[in-house]
Structure formats: C-alpha cells, structure tokens
Amino acid sequence: MKNIIKNTIAILAVAITFVSCSKTDESISGIGNLKIEFENGFAGNALALGTATLPTSNTEVLKISKAKYIISNIVLTNENGTTFTYPKSESYFIVDEENPASLLFNLTNIPAGNYTKVKFGIGVDEAQFNLGEIGQGDLWTKAQAAGMTMSASWSGGYKFLDFDGTFTSPTVTNDTSFMIYNGKSGANYNYTEVTLSLPTNALIRTTISPQIHLSADLSQIIDGTNKISLTANNMMGMGAMIMSGSNLPLITVNLANMFSVEHVHNDPN
Amino acid sequence: MKKFMLLFSILLAQIITANTVKDSIYKFTFHRMFLLDDECDACGCSANGGSMGFSSMLNNNFIGIRYVNQKYATKEGVFNNSPWTDENFNTTQIWARIPVSDKIQITALVPFHFNNRELITGKQSIQGFGDSTIMGMYSVFDIHSDSTTVGHKFQLGGGIKVPSGKYNAANNGTLNPSFQLGTGSWDYLLVSEYVIKKNQFGMNTSLSYTFKTENQQHYQFGNQFNYGSTLFYLLDLNKIKFVPQLGIAGEVYNANQQFKQEVSDTKGDIVFGKFGLEIGKNKFSLGANLMLPINQNLTSGNVEAKYRFSLNLNYQL
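Which chain is which? The protein sequence lines are A and B, in order.
The working numbering applies: residue 887 is where the first sequence begins, and numbers increase by one.
The working numbering applies: residue 1212 is where the second sequence begins, and numbers increase by one.
Everything labelled a hint here was simulated from the structure, so no lab data went into it.
Just so you know, not all the hints are guaranteed correct.
Partner residues are not named here, just some residues of chain A that face chain B (Cβ under 8 Å, in silico) [as the list claims (entries may be wrong)]:
1. Gly-927
2. Ala-932
3. Pro-941
4. Asn-1087
5. Leu-1089
6. Ser-1101
7. Asp-1153
8. Pro-1154
Here are some, though not all, of the chain A residues that point toward chain B, as calculated from beta-carbon distances under 10 Å [claimed, not checked]:
9. Leu-933
10. Asn-1000
11. His-1149
Built from N, CA and C at the ideal position, the CB exists for glycine as well.
Kindly produce the complete structure, drawing on both the sequences and the hints.
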C-alpha cells in the first residue's frame, strides 16, 4: 500500500513540476489598434431587415426596414484606471445595418495596455453641436451622405438614430409605417453615453489588435425601460412618426441600455 | 484539480479496501486500451471513452488502427436564432503497446485528423497529423481471478503529448475553439485504471487528468479531467470471442486561456453513455463503439456534441 501512495505522489510531483513552469510578464509599450464590431439584434434574435415579423411586449408586431445610429466619443479605460479618449474628431461612426462595412470600427494609434472598459456616446453631444458647421469638421457631410441629418441645414441637427419600418397591432391591422428619429429636440440634446465592462480585457499591443464584439438589441428602442406605443403615436392612420417631443428623452434612456459586450478576441496579428 | 484529487483518493481507497485473493490461472486478461482512448483532448480528438482491447494479454505486444468519427454542432453567432454549423472530426490513429517489463508498458499513439465544417461562408477543412502521445503505465497490482475469486488490476501512469499537430490561431474565432489539429502545446497526462473481474463479467474504471500548457501563440487549452466506467462480458466460443460493453464516460474541461486570461465560454462538461462490441479471432480483434451524450454543457451551450463512433482493428504481435 505504501508503494501505491509513494508512486502516486511521485507521479503527481513530476506533473506539477511540468505545469508550474511559466514565463515572466512582458513589458507593455508602443501603440496598437482596436476593432469594435457591432451586431444588431432584436430581442435576442439576429436582426433581419425587411419581412421578418418581430413582436414586442406592447402587442405590436414590427417589420424593420432601416436601423442606423451614430456612435461617438469613444473612451477606453485601462486596468490601471487611466483612460484613453479617442480623438473626438475621428470618433464619429455611423452604424448602418444595411452597410456591413459600417458595423466594424477600426481604431488606430491606441497606447498599448490592458483595457477593461469601453465608453461611447449615442448621438452628437452638445459641445460638438455648438462648434458649428465648420468646427464639426466632416461630420456634417458624413451624416448627410448617410441620411442622418434632420434637415438641410446643420442647425437642424443630426439623427442620432433612424429606426424605420412598419407595424401592426390589435387596433392597427394593416401594415402601417413608423419612423423614429432621435436627436436634439428643443433644449433637449438627447445625447447619451454608455459604459460597458469587458468580460475579458482587451490587450492592445503592437502585436495584438483586439476585437470587441458588441451586440445591440434594437427592441430596446421602444420596448425597453420605457415603453413607447407606436399605435398611440399613429396620427390619423398616417403612421407613427416619432421625431421630436417628449418621447425622445424616453427613447434616449432606452438607447443607453441597448448595448452589451458579447466577447473580446485577443488574437495575435 | 481539487475534484481530480478527490476522485483519485476515492479510487485509491477503493483499491486498498478491495479483496486481494491471488490466482494465476485466469486465461484472458481484459486490458482496456485505456491510454490510447483517453489521451485525446478537446482538440479534434476529444476524449473517447472507447474500446476495450480484449485480445491483449498482459504481456503482449500489439499494434492497431482505429477510426473515430465525432460529430458536433456549433452555433455560428451570438443570437438565439444564429445558425448551427455541423462539424465532423475524423481521426485515424495508429497505436501500439510495448511491454518493457512485467509491470511496465509503453504505449504510443499517432493520430491523423481530417476535420471539416460547413460555415456560412463556405466549407472549411483541416487535415494533418494530430498531437502524438507517449505514455508509461505501471501495474501497481494485478491479481488474477478464476471462477470462484475476484480479480483486480490497478495501473497508474503518466505521459506526454507532443505538439505534432498544427495549432492555427485563426481557427479560434467565435466558434468551436477545438477545431484544430493540435493544441500546439506540450501537455502532460496522469492516468489510472482499475479493473475488477468475476467469472465472465468485469468492470473497468478509469480516470485521467491532462495538464495543458501555453502554446507559442499564447493560447492555453483548459486542463481536462476524464472519467469512465465500463461493464463488460466475455462470451468465449473457443474460436471466436465476443465482448459486449456498456458504460458511461465523462469529460470536464477547465476554461481556455489566452495571454493568461480566461477565454469566456470555453469551459464545459459532458457525460456520454457508451455501447461497444469487440470480436476476437486468432490474433485479431475488431471493435466498434458508439458514444451518445446523456448530459452536456460545452462552451456555454455554443457547442453541442452529437455522437462519437469508432472502429478499431488490433493485431497481436
């Protein structure tokens, strides 16, 4: 019996010796890149534009034809607590479900580090807006090209969100259009920010370009913390047009809860 | 690790308390090809509670070939309605067992994998040699039985898995991290096997633990614990022998790590029911095994094992 125990211990010891060898930590320096991927879904399912019928908890059924939003002001938090603010003028991105290239952001020149959080805005903040057309750089032309401006003049502001389609409900039985634009409305800027903790640190290195994979649950826009009834906004059967007024701050609250991190890849370049 | 140590102690305790009546007449020594079955890991050739090489006497040399087919389904995406991709892991293994002395045997295994899956973007195939394993097993005791007594056999061993299979970081993605030919790492195994026999019946219980190390791409597959128990019966018709088998086999995986960070959704566990039949004639034995999952939770439900099937042919040298 003693032999058995002796042998077991011997084998275990050998194994543990093998396993316990490990290298020392590398030094972290230089700059690297980061990719952020957005994937739009609806209540847990992948988003399909067009004919897919999507029920909400408001007893409405949606068909979505357009889903676009502006992401801005990206800030990364390092594990040591310091933050890196991505240059503001380069920090505006228009995510458009119809344009696959728009779903992947390529951020460059980021100090190497182990990043634990990502923060970004949804829309255009007050400071940026107040810079005026010239001060805003190419944002206006970019937004115009993507159909994300509220009117022909920059002072009309931006569509932070453009969410369109048709809906039915128990009282609206024919497919009826809806259009939801979030943006500055009167004195309300309706800009919001979201901070997401990463389940795995994004290890930005000269040799590693991590990819943060985010998902956006678009059902949250009208069926989140605040419930927005399209039926109640269906003016004289002409469709639900939500582009200003008291619904926008409610939608803004919802947008802040729309995003989550699925996972982070740290594959070497 | 704690779990492993606990189970190991239980097994030891079992053996210590077991009845050890000695007898030397027992004609056939059922020696399950334990090492050869269970060296497999999450990489392409997942542990395969597999077969019992019934033709091998304790001191026999033999060489064999085995084909293993494993089918998995992997979710391609993060949504509930994301599509599932079928994955086929095919392996052909050559194995051999060479006794060094009465108590010590060396076993070696060389696998060749040909794996494929149908992605949304098209079919992806990888093929090539997998990780080879070499192991030494020591017979702690081997008490034969006859018609009136119970036989016991207990073996302990350890081995090394060599990174002869290619590890490709690009296959990692969001899908099954095990769609690889090898772990790319030097891995170390500890194994134990206990066989108890009475008359025509026997039961084989095996445990193994694989310590995996970090590969050159700084990826480290999670350590793996395998366990299994198989009940077998010998039907000896002089010229030909049949050994039907019934058992369970399980695997527990720790999370994978990349750059020393845990990779989310990579740990898991699975329990299979297994059914097998071995037929032996002269120096040959032919085996077939089927493993069907009873309960599983692999990579947070993103990978689902469908079945494992194997066929083997051994020749006693």
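Taking each numbered hint in turn, which are not upheld by the structure, reported in ascending numerical order?
3
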